[in-house]
Amino acid sequence: MIDKISTDVLDMLSVVPDGASIAVGGFGLTGAPIMLCDALCDLGRTDLHIVANNAGIDPTGVGRLAQEGRIRKFTGSFPSNKSFFALFHDGHVELELVPQGTLAERMRAAGAGIPAFYTPTGAGTDLATGTYPARYDSEGNVIEWLAPKDVRVFNGRSCVLEHALHVDFALVKAHRADRLGNAAFRLGSRNFNPAAAMAAKVTFLEAQNIVEVGEIEPDSVHLPGIFVQHVIASTGGWVGNANAPGASW
Amino acid sequence: MSENETQIGWSRDDLAARAAQDVPDGSYVNLGIGIPMMIPARIPEGREVWFHTENGILGLGGVPEPDEVDLDVTNAGKEYAKVVVGASTFDSSLSFAIVRGGHLDIAVLGGMEATPSGDLANWTAPGRTPGVGGAMDLVSGAKQVWVVMDHSDRRGRSKLMRRCTLPLTGARCVTRVYTALGVFRPAGSHFECLELAPGVDAETVRELTDAEVTFVDVPAAESAS
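If you're matching them up, the sequences are chains D and W in order. Numbering-wise, the working numbering puts 240 at position 240 of the first sequence, and it's gapless, one number per residue. So the number in the working numbering is just where the residue sits in the second sequence, counting from 1, plus 1000.
Bear in mind the hints are in silico, worked out from the structure with no lab data behind them. Be a bit skeptical, because a hint or two may be false.
[To be verified] Quick look at which bits of chain D chain W covers, simulated, 3 or more residues with Cβ under 8 Å: (1) 26-38; (2) 102-111; (3) 115-128; (4) 189-203.
[Claimed, not checked] Far from chain W, by Cβ distances over 12 Å, these chain D residues were calculated: (5) L10; (6) D42; (7) G69; (8) K82; (9) E139; (10) A233.
Positions of the beta carbon are idealized from the N, C-alpha and C atoms, including for glycine.
Make the full structure from the sequences, and use the hints.
Right, here's the structure in full:
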């Protein structure tokens, strides 16, 4: 019988080594697997390559990983939190800045067996022409630039070649999941979670509610269990966004 | 906003209202952060307009009251939002298939610099934290790209430039520019002024604009409010 449910988050994530590449779901904190990110910090994991839309919001989620200096490289579209910005410009973190839709599609492509694709997004910009910093030294000098992207014209439009973004692990969060890993999301919390799960060799899913097999109707499964290897009940509660009115922190 | 702009032309709210006037009934629209977010409240009555947000909602509503906040519903600026009846939700990959696939009628974005050739710079400037978000996807995918912004930056420098000095978001993508001074169409070598804001004359626009601007049969503006 397949039973992907774990009860001890530290034990479950202990297989993740230092230096691993990890995709993390969420848009800001909506749909972000806060409990799993906390567990990675508690396990002391470091030197990580984190792939996520945002570099988190201090000091929560990916933001905690950044603040504690556990990230070696960040791939994402919106790493605009203060601690990350400082780490990037001091030469502590490498940044691969990717347009948001390209980020989602690169992860989806990895999971879908598509090694690369052409897109007009970003053509002719610094992100495609090798003119945006990827790494600084401790003096604030650029020592590495994003690699220039191959360009090809389709139907008269310049398009850039984007490669599938494979990762070792994914940390994702769902509203409901069963022991098979079938998962359903609520409203705006789905965001990057399915693509992150698809891109990974091993996906850990934090579920707000663990439900019996069959409780999620087949038509309502947003992420089929075949993309999920481990499921754990979330103990972190539903986390809101720091910059929302009425937020408590 | 420059000193000049606090004194002449449309207020930010009027500017949002002016752009809202041009959003056709039945449109699917994505809104950037800033003045564009003020557009939904100013859509003329009787028009049905659907708002898309990058994080996976088609049918984004307004700002919730404190007791209506749902932690799973935010706009692309990560502020709490509402979903309207008839909305649909999806993952980021599908959300950007909507964007990249050319299904959105209009993307209304903020801007730092726009040029007569339709180039746009709006994602980074020296000293800013890096963050591109979905801006490059939106300008490459939406059928129309409108830029709604102040006419000049904080130092009083024109944002309608002959050439962008800041890193590009996209080349030849802008189809319309709305500023406090008027409505402009990128026409290749120059901006064509389609409308002047109340109390603004062509001479003022020329003085405050780096790029060349032409004025052909520009109608007098009606009050936007």
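So, going through the hints one by one against the coordinates:
1. 26-38: Our answer is that it holds, as 5 residues pass the Cβ test (under 8 Å) against chain W, meeting three.
2. 102-111: holds (count 6)
3. 115-128: Our answer is that it holds, as 9 residues pass the Cβ test (under 8 Å) against chain W, meeting three.
4. 189-203: With 7 residues close enough to chain W, the hint holds.
5. L10: It holds; L10(D) is separated from chain W by about 26 Å at its closest Cβ, greater than 12 Å.
6. D42: holds (24 Å)
7. G69: About 18 Å separates G69(D) from the closest Cβ of chain W, which puts it past 12 Å; holds.
8. K82: violated (7 Å)
9. E139: Correct as stated: the minimum Cβ-Cβ distance to chain W is 17 Å, above 12 Å.
10. A233: Correct as stated: the minimum Cβ-Cβ distance to chain W is 18 Å, above 12 Å.
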